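What follows is the residue order along each chain.
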Amino acid sequence: MAVMKFIPTALKNLFSKPVTTGYPFEPAVFPERARGHISIEIDSCIGWGMCVKACPLGALTVDKLKGTWEINRFDCVVCGYCVEKCPKKCLSVQTGYQTPGADKQKALYTKSPEVLKAEEEKRKEIVRKAAEAKKAKENGEK
Amino acid sequence: MDENKKAPEFENTIVQIETSELLAKAIELKKQGRRLSQACAAYCEEKLELSYSFADDENFGLLTLRLVLDKETKVTSISEIFPYAAFYENEMKELFGVNIELIEPDYKNKLYRIREEAPFLK
Amino acid sequence: MKKRSIVPYGPQHPVLPEPIHLDLVIEDEKIVEAIPSIGFVHRGLESLVQKRDFNQMVYVAERVCGICSFGHGFGYCEAVEKIMGVEVPGRAKYLRTIWFELSRLHSHLLWLGLLADGFGFENLFYQCWRIREKVLDVLELTTGGRVIFSVNKIGGVLKDVDEDMLAAVKDMLDKIELELKPIVKTFREEKTVRSRLDGVGVLTKQQAHDLGCAGPFARASGIKSDMRKMGYAAYGELDFDIITSDVGDSYARCDVRIGELFQSISIIRQAIEKLPTGDIAVPVKGNPDGEAFIRIEQPRGEAVYYVKGTGTPFINRMRVRTPTFANLAGLCETLKGADYADVGLLILTIDPCISCTER
Chain B
1 MAVMKFIPTA
11 LKNLFSKPVT
21 TGYPFEPAVF
31 PERARGHISI
41 EIDSCIGWGM
51 CVKACPLGAL
61 TVDKLKGTWE
71 INRFDCVVCG
81 YCVEKCPKKC
91 LSVQTGYQTP
101 GADKQKALYT
111 KSPEVLKAEE
121 EKRKEIVRKA
131 AEAKKAKENG
141 EK
Chain Z
1 MDENKKAPEF
11 ENTIVQIETS
21 ELLAKAIELK
31 KQGRRLSQAC
41 AAYCEEKLEL
51 SYSFADDENF
61 GLLTLRLVLD
71 KETKVTSISE
81 IFPYAAFYEN
91 EMKELFGVNI
101 ELIEPDYKNK
111 LYRIREEAPF
121 LK
Chain X
1 MKKRSIVPYG
11 PQHPVLPEPI
21 HLDLVIEDEK
31 IVEAIPSIGF
41 VHRGLESLVQ
51 KRDFNQMVYV
61 AERVCGICSF
71 GHGFGYCEAV
81 EKIMGVEVPG
91 RAKYLRTIWF
101 ELSRLHSHLL
111 WLGLLADGFG
121 FENLFYQCWR
131 IREKVLDVLE
141 LTTGGRVIFS
151 VNKIGGVLKD
161 VDEDMLAAVK
171 DMLDKIELEL
181 KPIVKTFREE
191 KTVRSRLDGV
201 GVLTKQQAHD
211 LGCAGPFARA
221 SGIKSDMRKM
231 GYAAYGELDF
241 DIITSDVGDS
251 YARCDVRIGE
261 LFQSISIIRQ
271 AIEKLPTGDI
281 AVPVKGNPDG
291 EAFIRIEQPR
301 GEAVYYVKGT
311 GTPFINRMRV
321 RTPTFANLAG
331 LCETLKGADY
341 ADVGLLILTI
351 DPCISCTER
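Going down the list, the sequences are from chains B, Z and X. Going by this note's numbering, 59 is the number at position 59 of the first sequence; the sequence numbering is gapless. Going by this note's numbering, 91 is the number at position 91 of the second sequence; the sequence numbering is gapless. Going by this note's numbering, 32 is the number at position 32 of the third sequence; the sequence numbering is gapless.
Please keep in mind that the hints were generated in silico from the structure rather than gathered at the bench. Quick caveat: nothing in here was measured; it's all calculated off a predicted structure. The reader is advised that the hints may include incorrect statements.
[Claimed, not checked] Dumping the calculated DSSO-like pairs for lysine-lysine here, alpha-carbon to alpha-carbon at most 30 Å: (1) Z/Lys31 - X/Lys51; (2) B/Lys89 - X/Lys3; (3) Z/Lys71 - Z/Lys47; (4) X/Lys3 - Z/Lys25; (5) X/Lys134 - B/Lys12; (6) X/Lys134 - Z/Lys108; (7) B/Lys89 - X/Lys224; (8) X/Lys336 - Z/Lys110.
[Claimed, not checked] Derived DEER-like restraints, expressed as beta-carbon distance ranges: (9) B/Thr61 - Z/Lys110: 24 to 30 Å; (10) B/Pro18 - Z/Ala118: 19 to 25 Å; (11) X/Tyr340 - B/Lys53: 52 to 58 Å; (12) Z/Thr13 - B/Glu41: 25 to 31 Å; (13) X/Tyr340 - B/Val19: 35 to 41 Å; (14) B/Thr110 - Z/Lys110: 49 to 55 Å; (15) B/Lys53 - X/Arg43: 19 to 25 Å; (16) X/Val15 - Z/Glu104: 43 to 49 Å; (17) B/Ala28 - X/Lys170: 24 to 30 Å.
[What the hints assert, rightly or not] The following residues of chain Z were derived to be distant from chain X, with all beta-carbon distances above 12 Å: (18) Thr13; (19) Ile14; (20) Ile17; (21) Glu18; (22) Ile27; (23) Leu67; (24) Leu69; (25) Lys71; (26) Glu72; (27) Glu101; (28) Ile114; (29) Pro119.
The beta-carbon is built from N, C-alpha and C at its ideal position, and this holds for glycine as well.
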């Protein structure tokens, strides 16, 4: 047993560069897989709500008609289960953390007006077709 | 994976016993040199299921004694035989409201410092 | 009879990383009895299993604890896989082993740091955590998480590891093996360290057996018990010995964990060598119906997982018996007769993980 065993290590540390990154003056580097936050390509979302059912924390809400997707970043733990379950693969896990904000609010994503309009027309088209088919059926029965 | 690469099977059985048999079985298992690996309760279809698992460190065996009882049935503590069973039994008593008698030491609902009584009994 | 007084210790205390409360009955400066109470971070995660389906529950199980998180997810998956009769592909088994050992590495390094902090050697504390950071970087590279990996799922793993990542892991192992040498030397040979650890809180082999201790705490008292020898995941095909010590004091616990650091490094190297190719997951159909007990070796010792399914997506009962819960009895025994000044150190030597214990 001896004393002062640690001196060489301590001295070496005294004269070497710090191992930490000088964030925020130097950028933080994340590996490709780092789970920072969930992001969405909202325009390709079809609003099935698979992610809402999958989320173990209930942090997500989807409104198909309004074309919105909402995430409560304070509840989300970025487990990535919604990404795995998404049928259109429009959800993804991104590196890097969210920027801090002044107040607590949910992040709301809305589809662009063009996509919403196209979807609205598609729905109308379906309704029209259904009505036509119904009419044709009724006529056929008569 | 081929057959000989599979992990070997070790004893891992569940034996259902009567409430009155517990002490005798525990003494028997203690004499075999086993240790209490865990004890837990479960609440299923209005019945409490108590599992006492005894581990054999020599050959990785695990024998679980299973007691199925009503909420009111009294169980005698095995903390006389396995002193550290007191922690598991206090836990069962506090989280599931199992009626366990003669635990030594009995923490009297103070092992878990939680507000609700028997929160898992739903 | 001497005058006795009761000193409350915790839940907030500088030496305790997590909240545990002890009522210490002391006589002069000697502890006569210690009465533990827990539940300050009780979240009822075991009860949550009835409200989340069994696939979601993997992510909840992982979050039982921040340090042994991989083990909890793994143990839960093993239990459900056993009920459903799912055979996990070989590559997934090896990947799980590699990640499990990496998490053991970072957990033991964290503990060594905390121990150094506990006896007041701040510089050594930072040295340990600096090395731990390298392990965390590799974990972030391969899984995406630093301590909570979210790579397990029922039937396999979610992410595959490519050659570059394996090279990074090997590179990291070589580096930390070199860097560990002066640190380990300090722990093993420095007189100031040894004087705080030698002969403090001795637990004999008989006592450890009688009190049902688990993990490195029991192995330091000479009990040869290591659940990895059961051969779950890929451990059956890898070569390692159980590290034990016969002394049973605080230094022995430190020594056993240092030995396990190098053992983990060797296991990871072997697993990378033998890593088979193939699928990383198998599809799982149906719901778990039945019950299973699974025992695995967490960084802190033997953990027991009990899952009882009823044929619906919602599991009736999940039980996690964590190593710290098993070691509480041993802790109270080692505290008896100890000096008041050693209490913090003795609590640290069981490597307490209170959040796991309370779930």
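Hint by hint, here is what the structure shows:
In summary, the hint linking Z/Lys31 to X/Lys51 is not supported, as the alpha carbons are separated by about 42 Å, beyond the 30 Å threshold. Using a Cα cut-off of 30 Å, the hinted pair B/Lys89 and X/Lys3 is violated, with the two alpha carbons roughly 70 Å apart. Between the alpha carbons of Z/Lys71 and Z/Lys47 the distance comes to roughly 7 Å, so the proposed pair stays at or under 30 Å and holds. At most 30 Å may separate the alpha-carbon atoms for a hinted pair to count; X/Lys3 and Z/Lys25 exceed this at roughly 42 Å.
Under the criterion of a C-alpha separation no larger than 30 Å, the hint pairing X/Lys134 with B/Lys12 is consistent with the structure, at around 19 Å. The suggested pairing of X/Lys134 with Z/Lys108 is violated, with an alpha-carbon distance near 46 Å, which exceeds 30 Å. Proximity of B/Lys89 to X/Lys224 is assessed by CA-CA distance (about 49 Å); at most 30 Å being required, the pair is judged violated. Proposed proximity of X/Lys336 and Z/Lys110 is supported: the alpha carbons are some 21 Å apart, at most 30 Å.
Our hint of 24 to 30 Å for B/Thr61 and Z/Lys110 is violated, since their Cβ atoms are close to 41 Å apart. Distance hint for B/Pro18 and Z/Ala118: a CB-CB separation of about 53 Å, inconsistent with the stated range 19 to 25 Å. A C-beta distance of roughly 54 Å is found between X/Tyr340 and B/Lys53, which places it inside the suggested range of 52 to 58 Å. Our hint of 25 to 31 Å for Z/Thr13 and B/Glu41 is violated, since their Cβ atoms are close to 52 Å apart.
Judged by the Cβ atoms, the range 35 to 41 Å given for X/Tyr340 and B/Val19 holds: they are separated by roughly 37 Å. In this structure the supplied range 49 to 55 Å holds for B/Thr110 paired with Z/Lys110, their Cβ-Cβ distance being about 52 Å. The given range of 19 to 25 Å is respected by B/Lys53 and X/Arg43, whose C-beta atoms sit roughly 23 Å from each other. Judged by the Cβ atoms, the range 43 to 49 Å given for X/Val15 and Z/Glu104 is violated: they are separated by roughly 30 Å.
Taking 24 to 30 Å as the suggested C-beta distance range, the pair B/Ala28 and X/Lys170 conforms, at roughly 25 Å. Distance check on Z/Thr13: its Cβ comes as close as 9 Å (rounded) to a Cβ of chain X, failing to clear the 12 Å threshold; non-interface status is violated. Annotated as non-interface, Z/Ile14 brings its C-beta within 12 Å of a C-beta of chain X; the closest such distance is 7 Å. For Z/Ile17, the requirement that its beta carbon stay farther than 12 Å from each beta carbon of chain X is met, with the minimum near 16 Å.
With a closest Cβ-Cβ approach of about 20 Å to chain X, Z/Glu18 is found to remain outside the 12 Å limit, as its non-interface label requires. Even its closest Cβ contact with chain X, about 15 Å, leaves Z/Ile27 beyond 12 Å, as expected for a residue assigned away from the interface. Non-interface status of Z/Leu67 relative to chain X is upheld: no Cβ of that chain comes within 12 Å, the nearest being about 14 Å off. Chain X leaves Z/Leu69 outside its interface by the beta-carbon criterion, the shortest separation being 16 Å against a cut-off of 12 Å.
Distance to chain X confirms Z/Lys71 as a non-interface residue, since its nearest Cβ pair spans about 16 Å, more than 12 Å. At roughly 21 Å from the closest C-beta of chain X, the C-beta of Z/Glu72 stays outside 12 Å, upholding its exclusion from the interface. The beta carbon of Z/Glu101 sits about 20 Å from the closest Cβ of chain X, which is more than 12 Å, so the claim that it is off the interface holds. Not every C-beta of chain X lies more than 12 Å from that of Z/Ile114, the closest at about 5 Å, which undercuts listing it as non-interface.
A Cβ of chain X approaches the Cβ of Z/Pro119 within 12 Å, the least distance being about 6 Å, so the stated non-interface status is violated.
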